[in-house]
Amino acid sequence: MSTEKTYAEINEKIKNGKAVVMTAEELIAFVEEKGFSRATQEVDVVTTGTFSPMCSSGAFLNFGHSEPRIRMQRVWLNDIEAYAGLAAVDAYIGATQVPEHDPLNSNYPGEFKYGGGHLLQELVERKRVKLKAVSYGTDCYPRQEIETSFTIDEINEAILFNPRNAYQNYNCAVNLSSRTIYTYMGVLKPNLSNAHYCSAGQLSPLLKDPYFKTIGIGTRIFLGGGVGYVAWNGTQHFPSIQKDSTGRELGPAGGTLALIGDLKQMNSQWLRGASFLGYGATLAVGIGLPIPILNEEITNFAAAKDKDLYAPIVDYSDAYPNRKPGNLGFVSYAELKTGEILVNGKKVPAAPLSSYPGAKKIAGTLKQWISDGTFLITEPVKLLPNFNDQITANALKS
Amino acid sequence: MAPERIVLRFTPDTTEKPVIYRLVKDYDLVINILKANINPQKEGTLVLELTGEKYQQGIEYLRQEGVLVQPLIEGITRNEQLCTMCGGCTDICPTRALYIERPSMEVFFNDDKCIVCQLCVKACPMHAMEVRF
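Residue numbers (this note's numbering), protein chains in the order written: chain A, 1 to 398; chain B, 1 to 133.
Please keep in mind that the hints were generated in silico from the structure rather than gathered at the bench.
It is possible that some hints are incorrect.
Calculated pairs, PhoX-like style, for lysine-lysine (alpha carbon to alpha carbon, straight line, at most 25 Å) [as the list claims (entries may be wrong)]: (1) K122/B x K189/A; (2) K18/A x K189/A; (3) K42/B x K346/A; (4) K113/B x K189/A; (5) K189/A x K17/B; (6) K305/A x K361/A; (7) K122/B x K113/A; (8) K347/A x K113/B.
Among the chain A residues that face chain B by a calculated CB cut under 7 Å, a handful are [claimed, not checked]: (9) G186; (10) V187; (11) S193; (12) N267; (13) A274; (14) S275; (15) L277; (16) P349; (17) P357; (18) G358.
Just the calculated beta-carbon pair ranges, DEER-fashion [as the list claims (entries may be wrong)]: (19) T77/B x E147/A: 31 to 41 Å; (20) A393/A x V131/B: 41 to 51 Å; (21) S178/A x I38/B: 31 to 41 Å.
Even glycine gets a Cβ: it sits at the ideal position worked out from N, Cα and C.
Isolated chain B (complex conformation) (with noise of 0.2 Å):
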């Protein structure tokens, strides 16, 4: 069985819950986690590979508790020609990867830091911030 790439994205109030637990408790699932972070609005973001027959069940589980899954897309870019580096996106992306340097006020993306939860392609006002299947 193939292991499936997924995106949870959690809001304050999720971030608590012990879901990975339960997804191993529960739902015998095999769980290896790509990347993981919590900011500090406590908003949380994990990227999963999750292998097991109860997959559809731990993630009607996840869903039940609050937390948006999404299917993992291999990355976003930013379309340099299109970015005015207005900096709009930077206190929507959680981890930062979107980011002012001072005292230029030039805006940056490290995509090592991006977790694909892609909140910058719809905020950015340009429509800068393209999503890499």
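Isolated chain A (complex conformation) (with noise of 0.2 Å):
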């Protein structure tokens, strides 16, 4: 009879200290050596991991009032702009956000060497960080302006929200243009000679469950090295099963997570402030997830290896900014995990910019904290939108 687990039977045997846990690397020797029904059988809980430049990401904080009291129309933090169009003291400091004066790509590439996502690494530290607010004054709200400083401590809530992140998978960029250029998937050298990836394959959370199986709101996660849980789906969710031209499947593409979190319990190991020059500052995310073996089904999801997931290879001179359709083809995380890839007949230098020893380590994290019985894993509210109810992207009218 096949093996069938619940997610109370998977809680029960991890407060007993029972629970046989494993990182997707480890299940996929696992299900080498014994097979697809014994992994079932005997593994409970499979982590997985990516620390990796997620733009989408930012914080709600709320700085507590002053005497005077005041709305804060407009807040600065360390001179970069909040968004603060929300009730009084209030804002939303996004990571790819810039100081006020920054010389962004005037002086072309630009180095963007600071940002939000720098700023909520600052604040993780517990650095203390500048506050600068106006407002227009109310009856209410009489204060126009003030100038003090904060540590995230001092402060009431700091609470990570990140719209978009995680992405299942990722293009595989190059640059068929005869200049370099400068984009969020790092300086791409001209004439086709090196190509990035950003995913940290069979390591990567959404690879492991392709149809959203187990993944749903309210599902328990490791975020920025603390506590965190799926709020949401995240923006431009678009959950597909990639094909190539002789519609091979080529594995899935297209998920995307909203997450949620204390940042006051995260670290700065695991959010950490970056810059991709010519383009923008951004925050560095690690992020892992437990999938619980349910049954067979989702063994065979958790198991996939790089060989069997594949990434889009996209130019970034032309089709990507132009929005035009089709890419060059697809590549394994096999293929590129050995630093070369073949594209139109030429061999391509490929580097990551997903860290992997760091999703094996936020992996191995998560999976001491659920052995260890401080974790337990949830069964979602709501499992999200998937393959099967075919979200297609819409496109602004120009």
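With the hints in hand, could you dock these two chains into one complex?
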């Protein structure tokens, strides 16, 4: 009879210190040796990880009130504007926001040495941050400006809320033009001279649950070194199964997650400001998701290997910026990880932007938390839309 | 006259020009090659000591030929605290001084191979590669 387990049964084992927990890498080796059905019987939870720049990240802050009160119409933190079109003393600081008077790309390629991502890192490092706010003054909020400073422990709430993280899969970026280009996929050398990819492949969370059978609203996760939750599907959540020109299925792509967690319990090992030359500032976020092994189908997905998972090769000099459909073919993560791939018949050096050692460490840490009995798995309140929902991207009219 | 220490960077177009020969023949410069490298993409780097009265004219000639001339700084170091081992530098580094060990995918820096071109310094999203003067 095929194995079926419930979330409650697995949690009972976790509480008793009896759960068998493996990283996705370890599951692959286990399945190779003992097969899918033994793995399904013996393994309770598989942990995944990813550590990579994720631009759609930021935090809601509530600063507390001053005397007299100010509504805070506009807010700057270390000269970086946070969005304050909310109730008094609430603001959202985004990872890609840059300081007022940053030279941007005026001296191309711009360096973007400091931005919202770096500020978020300083907040979790408990560094003191300058706060400036202005307002128009009302009867209930008479104050019109304030300049002060704070640390994360001195404000009421700091809630990391990332609307689009943990991309299921990502493009392998190349440059077919004759000049160097500076992109969010790093520096791409001219004439197809390098390729950048950005996924942990066989360790990456959403590649291991391609049909969103276990990941949903409320799933407890590793986020930024602390505990977080899946809040919703991410923006631009278009789950699909890739196919090449012959119709061969090449693994999942397109899913994203919106994540939430208390910033005060995260740390800067896994929330790190980053800068992309000529592109902008961002935040590298460490994320780990547990996948409960409820049945053999979930084991099959969770044991997918780098050689079964593919990235589309996309030209970032023309096809991507001009939104031209199609790609230059697909390449497996096993091929990408060798450091050299074949594109248009040419051998091209390939490098990752997502830290595989980081992903491995996160999956290992989450495994430890679950094994210690301190981290229970959660049955989602609601599962996320999946491939069968056939969600497609809308485009702006211009 | 003390020798000047400089770094020359060549694009694939300029790699094949006999610039060293010209520096000796036309500008009467004494040349000591400290490091030289051409990568598979035909991008080249030379670290030189140059001595001679026509040093400035020699440098001007190199620039006209499209060779990038930079002063030699002592070296590049990797700040291990800042490096996340993403690997994004490894195909930017022309000499593979920054490289990935497989299958662990850990990133290492071999400064013996480093020709101080500084491409990694700007390309590293974490600003982990630092210039040491």
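Hints versus structure:
1. K122/B x K189/A: The hint holds at about 14 Å.
2. K18/A x K189/A: 51 Å, violated
3. K42/B x K346/A: 15 Å, holds
4. K113/B x K189/A: OK: K113/B and K189/A at ~21 Å, within 25 Å.
5. K189/A x K17/B: Cα-Cα ~22 Å, so holds.
6. K305/A x K361/A: 18 Å, holds
7. K122/B x K113/A: With Cα atoms ~10 Å apart, K122/B and K113/A stay inside 25 Å; holds.
8. K347/A x K113/B: Holds, at about 23 Å.
9. G186: 5 Å, holds
10. V187: 5 Å, holds
11. S193: With a minimum Cβ separation of about 5 Å from chain B (threshold 7 Å), the hint on S193/A holds.
12. N267: 13 Å, violated
13. A274: 4 Å, holds
14. S275: 6 Å, holds
15. L277: The hint holds - L277/A has a Cβ within 7 Å of chain B, the shortest such distance being about 5 Å.
16. P349: With a minimum Cβ separation of about 4 Å from chain B (threshold 7 Å), the hint on P349/A holds.
17. P357: 4 Å, holds
18. G358: Since the shortest Cβ distance to chain B is 6 Å, the answer is holds.
19. T77/B x E147/A: 31 to 41 Å: 38 Å, holds
20. A393/A x V131/B: 41 to 51 Å: The hint (41 to 51 Å, Cβ to Cβ) holds, given that A393/A and V131/B are roughly 43 Å apart.
21. S178/A x I38/B: 31 to 41 Å: 20 Å, violated
Checked against the numbered hints given earlier, this structure breaks hints 2, 12 and 21; the rest are met.
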